[in-house]
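2 protein chains.
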Amino acid sequence: MTEPLKPDAIDAVIHERVRLAIVAALAVSPELTFNELKETLDLTDGNLSAHSRTLEEAGYIVVQKSFQGRRPLTTMRLTLKGRNAFARYLATLRRIMDHADRGTADSS
Amino acid sequence: MTEPLKPDAIDAVIHERVRLAIVAALAVSPELTFNELKETLDLTDGNLSAHSRTLEEAGYIVVQKSFQGRRPLTTMRLTLKGRNAFARYLATLRRIMDHADRGTADSS
Numbered sequence: 377m378t379e380p381l382k383p384d385a386i387d388a389v390i391h392e393r394v395r396l397a398i399v400a401a402l403a404v405s406p407e408l409t410f411n412e413l414k415e416t417l418d419l420t421d422g423n424l425s426a427h428s429r430t431l432e433e434a435g436y437i438v439v440q441k442s443f444q445g446r447r448p449l450t451t452m453r454l455t456l457k458g459r460n461a462f463a464r465y466l467a468t469l470r471r472i473m474d475h476a477d478r479g480t481a482d483s484s
Numbered sequence: 377m378t379e380p381l382k383p384d385a386i387d388a389v390i391h392e393r394v395r396l397a398i399v400a401a402l403a404v405s406p407e408l409t410f411n412e413l414k415e416t417l418d419l420t421d422g423n424l425s426a427h428s429r430t431l432e433e434a435g436y437i438v439v440q441k442s443f444q445g446r447r448p449l450t451t452m453r454l455t456l457k458g459r460n461a462f463a464r465y466l467a468t469l470r471r472i473m474d475h476a477d478r479g480t481a482d483s484s
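Here the protein sequences line up with chains S and C, keeping their order.
At position 26 of the first sequence (counting the first as 1) the number is 402 in this note's numbering, and the numbers step up by one without a gap.
At position 25 of the second sequence (counting the first as 1) the number is 401 in this note's numbering, and the numbers step up by one without a gap.
Hints listed in this document are in silico derivations from the structure and should not be mistaken for laboratory results.
Heads up, a few of these hints could be off.
A pair counts as met if it fits within one copy or between any two copies, since identical chains are not told apart.
[As the list claims (entries may be wrong)] Cut-off 30 Å, straight-line C-alpha distance, at most; resulting in silico cross-link-like pairs (DSSO-like, lysine-lysine):
(1) 457 to 441
(2) 414 to 457
(3) 414 to 382
(4) 414 to 441
Let the hints inform the model, and build the full structure from the sequences given.
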C-alpha cells in the first residue's frame, strides 16, 4: 500500500460534486452564463447560486452581473487561481487512478 | 462544451473524501484492519467508523469483527459490488480528466 491517498490531499472546495461540475465546465469555456451552467448541469437556481458563491469566496471564479437589455445577465469564469487549483486537483485524481491501476493486477 | 459532467454522474457514496480514501486503500489490499486504515489515512476513530458504516450500508465493504487474543479486531474489505462501483467511479474520473484535457489547448 504505497502512497496512500489521504483525504486532506483533495481540495474540498473543488471536490464537492456540483462545484466540480461547475469548475470542469468553466475550465473548457472562457466564460458561461448562469443559465448556461444551470441548464447544462441540470442544477436549480439555489444550488448553482450557493455553490458558485463558495467558489467565488475561494477566489476560484469571478461572477459578473450585468444587463442584457433589461434582463440581468450573470456570467462566471475561472480565475487563474481557480485554474491552478483545478490543475492540482486533476493531478490528485491522476494519483488516485495510478494507485488504483497498480492494484488491478491482483484484484479478483 | 461537449459531454459536460453532471453532478449526479458521480457516485456520492464513494466521492466523499474520507470514503474515497478508504475505498482506494481497500482496492489495493485484500483487507485492512480498522487501525491500519486509521493510521494510514490519518483518521479519527469516529470519522472512520461513520464513513465505513456508510460504505457498509451501501454494500461496498464488509466489516468483520473478531478477536485477536482478547483484543477486538475489526477488518474491512471491498465487496464485488464495491469494487465494481469503484471501477465505474474511476471511469467517471477519467471522463473528467479527458474533458479537461480537451480544454487545455485554448486555456491561457
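Taking the hints in turn, this is what the structure says about them:
With identical chains, the CA atoms of residue 457 and residue 441 are at most 30 Å apart within one copy only, with a shortest distance of 20 Å there and 46 Å across copies. In this homomeric assembly, residue 414 and residue 457 come within 30 Å of each other (Cα to Cα) only inside a single copy, at 23 Å, whereas the closest approach across copies is 33 Å. For the homomeric pair residue 414 and residue 382, the shortest alpha-carbon distance between copies (10 Å) is at most 30 Å, but the shortest distance inside one copy (32 Å) is not. For the identical chains of this complex, residue 414 and residue 441 are intra-copy neighbours only, at 16 Å inside a copy versus 46 Å across copies, given an alpha-carbon limit of 30 Å.
This entry satisfies every hint, going by the numbered hints stated previously.
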